[in-house]
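Protein chains in written order, with the numbering used here: chain D, 4 to 318; chain H, 5 to 286.
Read the hints as simulated data drawn from the structure, not as lab findings. Cβ coordinates follow ideal geometry from the N, Cα and C atoms, glycine included. One or more hints might be untrue.
What the hints assert, rightly or not - Using C-beta positions, here's what the derived DEER-type ranges look like:
#1 313/D x 176/H: 17 to 23 Å
#2 313/D x 270/H: 28 to 34 Å
#3 112/H x 224/D: 21 to 27 Å
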Amino acid sequence: MTYATVPDTQPPLRRGWYKRNEIAITPLLFLAPAILFFAIYVIIPIGQSFWISLHEWDGLGEAEWVGTANYERLLGIGEQEMDRKFETSFWNNVKWLILYLLAIPAGLFIALFLNQTVRGIRIYKSLFFFPFVISQVVVGLVFSWFYLPREGLLNALLGVFGLGPVNILGDPSLATYGIIGAGLWPQTAYCMILYLTGLNAVDPEQVEAARLDGAKGWKMLWYVILPQLKPATFIAFVVTIIGALRSFDLISVMTNGGPFGSTRVLSFYMFEESLSEFGFRMGYGAAIAVVLFFIMLGFIVYFLWSMYQDEKGAH
Amino acid sequence: MFPTPIEKRPRSAQVGYQAFLPLALILWLLPLIAVANFSIKPEADFVNGNYWGMPSSFELFSNYGRVFFESNMPRYLLNSLMITVPTVIGAVALSAMAGFALGVYRFRGNLLIFFMFIAGNFVPFQILMVPVRDLTINLNLYDTKTGLILFHIAFQTGFCTLFMRNFIRALPFPLIEAARVEGVAEWKIFWFVVLPLMKPALAALAVLIFTFIWNDYFWAVVLTQGPGAQPVTAGITEFNSQFRAAYHLMSAGSIVAALPPVAMFFLMQKHFIAGLTLGAVK
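Only chain H is shown next, with the shape it has when bound in the complex:
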């Protein structure tokens, strides 16, 4: 193990390390702690210049209550959810199939198609912006959730296919051979043999895509406007202009907007990290 395990060091080093850990963490999360502190302060604290001290009164419920009951925030959150969930399902489904095709079969152009998916995934969004916006308008999907969902599914399929294909490559191939010898139809091999083995990959991708799509901002402002379809990342701008300079409410709003992926991460940590670090170990 590297660096040397702390247990093998002198006692003083161990104590020092244990003491420094929380300190380093506080330093690392300082900007966030400041915002969390903002979000439970009363307005009076900002008037009196008490920006960083303890809140003079604890206003968690009233601040967050106003976020939920006096703004469009719940609507934006719902939009985010209604965009994110179908995208996750669509992208995972398409890429599981594509990954199966690229991972199991040998045919001409296999590697070419695979690399096309990877390359498309690296492309800067801006080169897609004008045509995709135009296409969405022509399909009468501008400012709809469907318009965003369709694009997100398509774009995420690139990354997901890379992931799925590499995962399927690592599965034991004799299993598939055995099924073939038994005369099992190919689609049944996919459904009954490969798919059950892919559960970890499906879970990892689902949480990753959930986070990516929830946090998307660029496409939200390109393809939607207004509370009818906009997700929370874009909606927060409107929220902030509603509560201009009311830092306690803007902070509470930001925390609410950021929370779902954070919750997702802490609940599904193992899968999340497995997905994110795919390929970091050979």
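Next comes chain D alone, as it looks inside the complex:
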């Protein structure tokens, strides 16, 4: 008779175990696919890049252990000079970082200009924003034609004022600024939309109260509005810094690093070295990527720390 009871009791038993642990197991099951993908394609490769950067490797054969030789060559430690291309790239990255931040005040300025309720303003807002939606490749092409010495509209406009012609992308001292200018176009649009959303949520009572106290113009903006726009400014800062350090598409499309290598940045130089036509130098490329990673890491830590403060505040 006991045989008959076995199939009866077993299902509830197993179910009981799952039920009891359901709350603990479910999140693991739901997280597993995302973590698996993210680990394989993002987390582990970061470690692998560190490892590869200590080797000399053409991407096909055996990697040869060289220790820190790649870094020594890059930074010019010991008797050698610092890699000139690396130096140019690094300083160009600094230029990108500083000048790209102009997108934040520019975006705020346009947002303030457009934050009205006249007829058709929504269409204006969308049209001001939409350069951000265009791929950087196309933005790069559009601007390289805009800058063309003969056919470009820019020089035609400069000609009206009796200036130019300038060949921005052909001049080593100007080319990087020309590319940054192209990059600022979509980035400003992005910051603008962040600020427009932020301005929408500004507390009207505070504004009215400040008005009654006689605040207006710059003072109002600085002491009343900007503090309320802090979350928007934070996000604008994060995306602009990341955008500046990721700059690759525009450079690749507009100048391909030239003229005379004057527009290289670390991300571009890394790509060039790793998949160079003179043989792949994966180890050296990985070393450049690691340096770029550490520059970024400073910012990442700051971003995460700020977000962590927010999280703590929320609990």
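Chain D is already provided as a structure; the job is to place chain H on it using the hints.
Structure of chain H alone, referenced to chain D:
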């Protein structure tokens, strides 16, 4: 409201503002307008030096026709679509699940995993390039759409999980508690309670990821080559070397390549902006 609404200003300011708006817009979009103008010009205009004036004849159909019928452009566009759509589905699905796990449950390491997703999302692509390319080659997926799709899903999951988790956090938790008291299984809570409430987040992410992936260039050149698998952002380089210095055709090609995300944006504007400005307001 700040700045002061224009209606409360003198009449002259209102008229001035209304007049300046279109002018500012034209100035802002000038490079793009120039390219659109290029793309409807006949070749003769470039020979004669008529670069910026009105086109001497209206060649929209013949220029765009050549883009579609005499180049690999349609193929690249199709590749882009076939890379973008599966990525959107994959990234949204994975992150909806991960976001649910991180947003609803309390367990050790929750915040750590969450921050891992955020941090990975900020990393420069270049540090992933060599290993990911190597992995893709070893999986025999180099120069395939699948290779690109798998990577894109993985990388976008970082951003999407951040988004989903914060969205789920803002949902009314008592709803989930109530379902639990009723004895509803956890996966059913996800499917029948949480997922329907997440529709706005799903839509916002879908349009955002569509745009990001369509516009990707770096990974396209790292993981693919040639018209078999390359998306349009990378294919445009080949297109431009085919029509070297033929600005009217290159402009038309660029506009075609840029159009799908632009169309997506104008159709789904509300969701798009909601996604992009997440966190801009507390």
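Structure-based check of each hint:
1. With their beta carbons about 21 Å apart, residue 313/D and residue 176/H fall inside the hinted range of 17 to 23 Å.
2. The hinted range of 28 to 34 Å is satisfied by residue 313/D and residue 270/H, whose Cβ atoms lie roughly 33 Å apart.
3. The beta-carbon spacing between residue 112/H and residue 224/D, approximately 45 Å, falls outside the hinted interval of 21 to 27 Å.
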